[in-house]
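Enquirer: Spelled out, the chains give:
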Amino acid sequence: MRRRREQGELMGELAELPDSELLAADDPEAFGVFYDRHVLALLGFFYRRTVCAETAADLTAETFAAAFVARRRYRDLGPPARAWLIGIGRRKLARSFRRQRLDMRARRGLGMQRVELDDESLERIEELVDLQPLAEAVREAMDGLSPKLAAAVSLRVGDGLPYAEVARRLDCSEGAARVRVARGLAKLENELDELLEVVQ
Amino acid sequence: VNQRIPYVERLREELVSTIAAKQTRSGAWNRWLASRRWAPAAVAGAAVVVAAVVVLGVVGPLRGAPALAITQEDEWATVRLLDPDAGAEAMEQELEAAGIDGNVEEAPVSPSLVGRWLAASWPDGPPEDVPAEVGGGTAQGWSSADVGGKTLRLPVDGVHQADGVGHVTLWLGRPAEPDEPYWASGSAFAEGEPLHCSGVEGMRAQEAEQVVTRLGYEVSWFTAVDISDGPESPGVETNPVKRAPQGTVSGAEAASRTKVRLFVVPDDEQEAPWRSQIDLLEGTDALDVDLERAKETGEVSEFGPSLIRNLVSPDVRCDR
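Chains as they are written, first to last, in our numbering: chain A, 428 to 627; chain B, 39 to 358.
Because the hints were derived from the structure by calculation, they are not lab data. All values reported here derive from a predicted model rather than from experimental measurement. We treat Cβ as the ideally placed atom computed from N, Cα and C, and that holds for glycine. Fair warning: there could be bad hints in the mix.
[Claimed, not checked] Derived list of chain A stretches under chain B, where covered just means 3 residues or more per stretch with a C-beta under 8 angstroms from a C-beta of chain B:
| hint | region |
| --- | --- |
| 1 | 458-469 |
| 2 | 486-495 |
[What the hints assert, rightly or not] Among the chain B residues that face chain A by a calculated CB cut under 7 angstroms, a handful are:
| hint | residue |
| --- | --- |
| 3 | 49 |
| 4 | 57 |
| 5 | 58 |
| 6 | 62 |
[Stated by the list, open to error] Okay, the calculated beta carbon distance ranges per label pair:
| hint | chain 1 | residue 1 | chain 2 | residue 2 | range |
| --- | --- | --- | --- | --- | --- |
| 7 | A | 574 | B | 55 | 52 to 58 angstroms |
| 8 | A | 600 | B | 249 | 51 to 57 angstroms |
| 9 | A | 592 | B | 188 | 34 to 40 angstroms |
| 10 | B | 55 | A | 468 | 21 to 27 angstroms |
| 11 | B | 240 | A | 563 | 57 to 63 angstroms |
| 12 | B | 114 | A | 588 | 40 to 46 angstroms |
| 13 | A | 531 | B | 284 | 54 to 60 angstroms |
| 14 | B | 114 | A | 543 | 39 to 45 angstroms |
| 15 | B | 123 | A | 442 | 52 to 58 angstroms |
| 16 | A | 524 | B | 125 | 20 to 26 angstroms |
Here chain A stands alone, though its shape is the one from the complex (with noise of 0.2 angstroms):
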């Protein structure tokens, strides 16, 4: 009874502390407290971006056991700490993608099982987010490029056709097909990120 109420004070203090001091204390209760300050806006960051609940899940933990590991690099100057936070998480995005795979070094680094995500969870972490807005973006970040550069985007990503394939629909040399995709993609990421900041 002691034990508990002592350990309900220390959350108490540990909850007054900023993200700076949670993240220079060597203490695994300060760094579980930064965890309840961001672990659904970074779970929603990345079920916006992924949509898959399950992809979601895996990246959130990522990216925290990435955070513990380079806690000690968060300099207090400026940047909140959910910013840095969700920089790691953004890399750690997009490393799995150009992988194919997601990324699982930190925790392995660290030692930490995978937790399995449950239906009652899936359905929780879908709940979060309303891709009403998403949809509407995506449409407009479409819209705004040219037709050339969405038609090569349409084939590639939405048809999952190879650039040969691409190149031939679109008369046009295979290179000048995975540049038009690039292009295309790097604007779509802008305009996406953009608008995504505006959906959050």
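Take the given structure of chain A and dock chain B to it, following the hints.
Expert: Just chain B now, kept in the frame of chain A:
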């Protein structure tokens, strides 16, 4: 709110307990180090290591030689390839151990670029302070860093782990499969490349077509027109054409193991590109001496673009 999502709760427990266990382990390790009970074990361990080195030194090389030599000084990280065949995974582990947040991607290339760095790229483009020696031209987040070299020099701010900026991808050349298009190619006239010592460079396009076809390659044609706008902005515009144009072959690159691209300076453009490229070269210290010598011997006017390419890439020269 978190309690409404069981996964979030379980993840918190796993995270906090893993951190606590890790700290307990490192605390126990520190206490053990402080107790000095490690001394006898260290002496015994050192004896075993010495014995192993002596034995392996006689029997064969030590296993696990590093794939990369990574050094960090001031604001720069240098990544030198020691063993290009070690594989991307091994290289990534060494990058991670050096505190560099990076991955290695292998891309199919023409023979002279196999086992060489092709580029460094950042998902959002390179950090602002990437200087020209790492790669000036950037597009789609690419930096043309030291193409064809064994050493990459990268700004430290752009490679550190988890600093919100730094994930860098290092691109390494690998041999291509039979029908795989090359992502990057060296000059087709360089040693190991398909047209080395073929005599095609400087040939009339129609004559070159016969030679290259006889060698078993499929040709695609490009015109190469000088669009330099003074020494500050050199450039050559290449455009695909369906048939061999009237002109002289000024460059070539392999597109795959069976296909070659030939670049032709059209007859009406002949003088300008050669002349302006020579003018550009005169502005660079490294080439001044050779150029002066070449002018004295009269080779410049005689050999035109071949000479220029040889000055820029001496390995292109055919010694046969």
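Enquirer: So, against the hints stated earlier in the document, which numbers end up violated here?
Expert: Violated hints (numbers, rising): 6 and 8; every other hint is consistent with the structure.
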